[in-house]
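S.K.: Sequence:
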Amino acid sequence: MYDFKGFLFFSLIALLATQVLFAIQTIEPVAAEVANGGTIDLGVMGPGQTIPLVIHPIVYNGGKFGKGGRYDIAVVTEVPDGWKGENSKLYGNPLQVGISAAKNAPDGTYYAKVVVSDENDGELLGNITITAKVRITRDIMESRVAPKTASVGPGQPAKFLITIRNKGTAADLYVVSSEGVKKWAFKKYVHMPPLSTKTIAYEVTENEEESYYPTIKVVSNSSAVISAEHNVSFTVSSNLLYDYKATNYGVLIFPTFELPIFGLAGLLSNLY
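Using the numbering used here, the first residue of the sequence shown is number 1, and each one after it goes up by one.
Rather than coming from a laboratory, the hints here were simulated on the basis of the structure. Check the hints yourself; a few may be wrong.
To be verified - Cβ-Cβ distance ranges computed for the label pairs, FRET-style:
hint, residue 1, residue 2, range
1, 186, 121, 17 to 25 angstroms
2, 237, 175, 28 to 36 angstroms
3, 103, 64, 40 to 48 angstroms
To be verified - Simulated pairs of lysine-lysine, DSS-like, Cα-Cα distance not exceeding 30 angstroms:
hint, residue 1, residue 2
4, 217, 167
5, 133, 198
6, 167, 183
7, 113, 159
8, 133, 148
9, 198, 148
10, 188, 167
11, 187, 159
12, 217, 148
13, 133, 113
14, 84, 113
15, 133, 103
16, 167, 182
17, 89, 159
18, 89, 113
19, 84, 64
20, 84, 217
21, 187, 217
22, 89, 148
23, 84, 133
24, 84, 187
25, 113, 67
Beta carbons are placed, not taken as given, at the ideal position from N, Cα and C, and that holds for glycine.
Please model the complete structure; the sequences and the hints are all you need to start from.
M.R.: Here it is, written out as structure tokens:
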């Protein structure tokens, strides 16, 4: 006699096993289990930026012998217009793909498709297709500068502290530069990991005694639409304290017997 209940029971077990089979573990930017056909939220990034999706290649169920196996490659199969996808390396451990937004992508929510596969289905794991969700915003970076004004001696650097905050889940490289001071084209490059804050010193130097009004710029290397500008000022003038400070930079020359005295003066000047 046909055991319909038994058939139904084992069919249900097989269905559940299939559901377990078609799931992978993601590592970055968020750790999650994503089933075949599922969606993973990668967070927020700015125009032109690239967000990685890192996937653990090992599964522990299903496959040829029911004990799982290893996926060999992840491929970005669909991206929005103007975007780019970078496939993982074959046999990579972990498997990492990259999803890059268009440099002028408007703010909004976007989706990309990623297929994780077992090469030639050699381990009978089948393909897993997932949807990656990404939000784009231009408000992805904050910066501030302190102090806003400075006073220095001729040839001494006016130092400004720039604090940069990356509010997104994609890393980026930022370029710090300035305009408004002739013959000064110094740049600093700051790598910002996801969701990080850094403070760096940026210096501007002039020899002529007058006031200067440079603009300090912070611009994403991924897209110029991610940027900030800060107006600062500094005054170059001579006085005894600045001359003492200048000894720290080696710009003054003294007789040999006076060097220890002025060296000490330079150290003490840093207290003011």
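S.K.: Going through the earlier hints one by one, which of them does the structure break, listed in rising order?
M.R.: 1, 6, 7, 8, 16, 17, 19 and 22
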